[in-house]
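Here's the letter readout for the chains.
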Amino acid sequence: MQSIVLNNGVEIPILGFGVFQVKDPAECERSVVDAIAAGYRLIDTAASYENEEAVGRAIKRSGIARNELFITTKLWIQANGYEGTLKAFQNSLKKLQIDYLDLYLIHQPFGDVYGEWRAMQDLYKEGKVRAIGVSNFQPDRLIDLIIHNEIVPAINQIETHPFHQQNQTQKFLEENNVQIESWGPFAEGKNGIFQNQLLLSIAHKYN
Amino acid sequence: MEENFDIFDFKLGEEDMDEIKKLDTNASLFFDHRDPTMVKWLGERKLNV
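From first to last, the protein sequence lines stand for chains P and L.
Just so you know, we're using the working numbering here: the first sequence kicks off at 1 and counts up by one.
Just so you know, we're using the working numbering here: the second sequence kicks off at 1 and counts up by one.
Please note: incorrect hints may appear among the correct ones.
Computed list of lysine-lysine pairs in PhoX-like fashion (alpha-carbon distance at most 25 angstroms, straight line) [what the hints assert, rightly or not]:
no.	chain 1	residue 1	chain 2	residue 2
1	P	Lys205	L	Lys22
2	P	Lys171	L	Lys46
3	P	Lys95	L	Lys11
4	L	Lys40	P	Lys23
5	P	Lys190	L	Lys22
6	P	Lys205	L	Lys40
7	P	Lys23	P	Lys190
8	P	Lys23	L	Lys21
9	P	Lys128	P	Lys171
10	P	Lys87	L	Lys40
11	P	Lys87	P	Lys128
12	L	Lys40	L	Lys22
Computed Cβ-Cβ distance ranges for the label pairs, DEER-style [stated by the list, open to error]:
no.	chain 1	residue 1	chain 2	residue 2	range
13	L	Asp16	P	Leu15	18 to 26 angstroms
14	L	Asp16	P	Asn7	29 to 37 angstroms
15	P	Leu15	L	Lys21	17 to 25 angstroms
16	L	Lys40	P	Glu11	37 to 45 angstroms
17	L	Glu2	P	Val5	22 to 30 angstroms
18	P	Gln138	L	Lys21	18 to 26 angstroms
19	P	Ile143	L	Glu2	17 to 25 angstroms
20	L	Asp6	P	Asn7	25 to 33 angstroms
Since the hints were made in silico from the structure, they are not lab data.
Quick reminder that beta carbons are idealized off the backbone N, C-alpha and C, glycines included.
I would like the entire structure built from these sequences, with the hints used as guidance.
Now the structure itself:
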């Protein structure tokens, strides 16, 4: 599994397994166990997916050493600032049954983002999380966060697929030393992506 | 799941990339993060977090 290096020296696998909308606990747990067995090492969840416990059980069952897995979770808007972030972080660690996190992301650019980022910077400096970042931040929100704080987000996880390629945003992120991470690579099946003639013909070419 | 994981044995050519570029709509297929209704709805939901 290929990795790339983030702006703080931490390595992250280039492909991961996400469990958005995998609500049923048994199904979620099974899917993560299967993903790890298939070779995935980066698992992406979020407090708001309400399935961190299932992910935690799967990680325990996987038989893979903790330091060979890259676990990402995200802080929901409800955390509402600095103190709420520290509580939410502890909550996530407990549900995931881990004692450190690889990547913690502010899930949406809404609410007390600045208080939350300050808490995440402190968690990072204490070594409780290996990298901190954001998700769904448009360039203006990101540059605002960067210029008014100490730590530059390692990652911005944003919607990226053939119908929303984010080409300009990718350039912006590179220029600002933030790594793009992509959610919804298949557009969650929307827009007839799996019947798209162009994509099908390219797929056949390389099959 | 294994098919989705087995993606490192090919590389798209330049003409493929040029063709794929034409699919870009430059807009989210889900929602606009600048839409006040969505911002309000997302922010006010009470989740079990």
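So, going through the hints one by one against the coordinates:
1. For the given pair, Lys205/P sits about 19 angstroms from Lys22/L by alpha-carbon distance, which is consistent with the 25 angstroms threshold.
2. Distance restraint check for Lys171/P and Lys46/L: the Cα-Cα separation of roughly 36 angstroms exceeds the 25 angstroms cut-off, and the hinted pair is therefore not satisfied.
3. Only pairs whose Cα atoms come within 25 angstroms are accepted, and Lys95/P paired with Lys11/L is rejected, the gap being roughly 39 angstroms.
4. Of the pairs offered as hints, the one joining Lys40/L and Lys23/P holds, with about 23 angstroms between alpha carbons and a cut-off of 25 angstroms not exceeded.
5. A C-alpha spacing of about 17 angstroms is found between Lys190/P and Lys22/L, which places the hinted pair at or below 25 angstroms, so the restraint holds.
6. The hinted pair formed by Lys205/P and Lys40/L fails the criterion: a straight-line CA distance of about 45 angstroms is larger than 25 angstroms.
7. The hinted pair formed by Lys23/P and Lys190/P meets the criterion: a straight-line CA distance of about 20 angstroms does not exceed 25 angstroms.
8. Annotation: proposed proximity of Lys23/P to Lys21/L is violated, straight-line Cα distance about 34 angstroms (limit 25 angstroms).
9. Distance check on the hinted pair: Lys128/P and Lys171/P sit about 30 angstroms apart at the alpha-carbon level, beyond 25 angstroms; violated.
10. Only pairs whose Cα atoms come within 25 angstroms are accepted, and Lys87/P paired with Lys40/L is accepted, the gap being roughly 23 angstroms.
11. For the proposed pair Lys87/P and Lys128/P, the alpha carbon gap of about 13 angstroms is at most 25 angstroms, so the pair holds.
12. For the proposed pair Lys40/L and Lys22/L, the alpha carbon gap of about 34 angstroms is over 25 angstroms, so the pair is violated.
13. A hinted range of 18 to 26 angstroms holds for the C-beta pair Asp16/L and Leu15/P, which are about 20 angstroms apart.
14. Checking the proposed 29 to 37 angstroms range against Asp16/L and Asn7/P shows it holds: the Cβ atoms sit about 30 angstroms from each other.
15. As the Cβ distance of Leu15/P to Lys21/L is approximately 22 angstroms, the hint placing it in 17 to 25 angstroms holds.
16. For Lys40/L paired with Glu11/P, a C-beta distance near 39 angstroms keeps the hint of 37 to 45 angstroms intact.
17. Against the hinted window of 22 to 30 angstroms, the Cβ-Cβ separation of Glu2/L and Val5/P comes to about 27 angstroms, which satisfies the hint.
18. Judged by the Cβ atoms, the range 18 to 26 angstroms given for Gln138/P and Lys21/L holds: they are separated by roughly 21 angstroms.
19. The hinted window of 17 to 25 angstroms between Ile143/P and Glu2/L is violated, with their beta carbons roughly 40 angstroms apart.
20. A beta carbon spacing of about 30 angstroms between Asp6/L and Asn7/P agrees with the range 25 to 33 angstroms that was offered as a hint.
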